[in-house]
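Asks: Kindly produce the complete structure, drawing on both the sequences and the hints.
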Amino acid sequence: MPLWKIYHPVGAFTAEDKHAFAHKITKLYGMLPKFYVDVIFQEIPSDSFYIGGEPAGAFIRVSIEHIARTLSDDQKAWWLELTNEAIAPFVKDRGFNWEFHIDETPFDLWSVQGYRPPPADSEDEKRWARENKPSPRTHS
Amino acid sequence: MPLWKIYHPVGAFTAEDKHAFAHKITKLYGMLPKFYVDVIFQEIPSDSFYIGGEPAGAFIRVSIEHIARTLSDDQKAWWLELTNEAIAPFVKDRGFNWEFHIDETPFDLWSVQGYRPPPADSEDEKRWARENKPSPRTHS
Amino acid sequence: MPLWKIYHPVGAFTAEDKHAFAHKITKLYGMLPKFYVDVIFQEIPSDSFYIGGEPAGAFIRVSIEHIARTLSDDQKAWWLELTNEAIAPFVKDRGFNWEFHIDETPFDLWSVQGYRPPPADSEDEKRWARENKPSPRTHS
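Chains as they are written, first to last, in the numbering used here: chain A, 351 to 490; chain B, 351 to 490; chain C, 351 to 490.
One or more hints might be untrue.
The list makes no distinction among identical chains, and a pair is therefore deemed to hold if it is satisfied within one copy or across any two copies.
Think about it this way: if two alpha-carbon atoms lie no more than 35 Å apart in a straight line, the pair counts; the simulated DSBU-like pairs of lysine-lysine are [unchecked claim]:
#, residue 1, residue 2
1, K384, K476
2, K374, K355
3, K355, K483
4, K377, K476
Hints in this document: simulated from the structure, not taken from any laboratory.
Quick caveat, the model's predicted, so the values are computed rather than measured.
Replies: This is the structure in structure tokens:
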């Protein structure tokens, strides 16, 4: 469900950094089957990345789509804070500037390995989480 | 309208594959002017693509935006199935794992070649489909 | 807030072009703090970019996300026109075909440099605009 796209300067992260960062993001979504968490890192050359009309420099822009869950109004500030904490070691603590936003897209327009994912917190979702892979539903 | 972004491992598709895949996607949207269907393939290096915190491997992630049409609730499961069928020869049948989701974005915030696209199934849309290019509206 | 992704043919723009284009986009959003305007240029190889199942050729596809503001219904046509005017020198006037769409994503799921951006037209937003950087809110 969450699809993270992390736009970053060339060379900002090593392969090990990216692996660790993706692992950290996956832990942030501990309530979900792990394999729901997709992370794509994309290097943006310095002459292709601008903020306010000027080269973005040491800036990381994260674009997040949530599909499996919708945040209620009173969860939103809390979730932004959790997200900022989760990414800090890879972003703030390394001296990068950063920005992120989350979009929420329709649960019913989502398909994993040909399956429609089971409802939130259902028995089937728990099984998907346990087995860390999609499979036919066993509950209606 | 539909904008497909296909994130895939390096070397997953030849130029011929991509052409055929884009053609197949265009046929899926046979109710629309062909030129509404935009497909972007993007190679993701193996150290930049993660699922559940681990390298994604033989995984294809498709991100789809629909603009010209909105699916009604009773069309959604059917459309997901059609989409899975359309992509199977390029994805499932080649041994890739895959996931896709669709977002629906506002029709009224869309512009093609400087024109606002005509309403769904209107005379103007039929003409755009016939001519396979945008042009000024001839109906209000 | 606005995040622009500009998908373009390889070599369509020089670094100077991109800088000037990003500057023009920032001016389009003159009501916002400049640093809200993020622009990412992405080259798409000719064998990875399709319209209607055929190679896209001299085509530029712009994908825009608005976060800080929501357009009212009677502003939409006007805003599309302003956008078309702003990009024309870099797109239409150079002989490219083009298409863009805007999605509006939730204001409350947005974080800049660890801060939640202040409400539209608030004193804090005016200060952020003046200082061209985020900082703690001084008004509730």
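Asks: Now tell me if each hint is right for this structure.
Replies: Hints versus structure:
no., hint, in the structure
1, K384 with K476, "within (11 Å within a copy, 42 Å between copies)"
2, K374 with K355, "both (14 Å within a copy, 25 Å between copies)"
3, K355 with K483, "both (22 Å within a copy, 23 Å between copies)"
4, K377 with K476, "within (16 Å within a copy, 37 Å between copies)"
Figure legend: structure checked against the earlier numbered hints; every hint is met.
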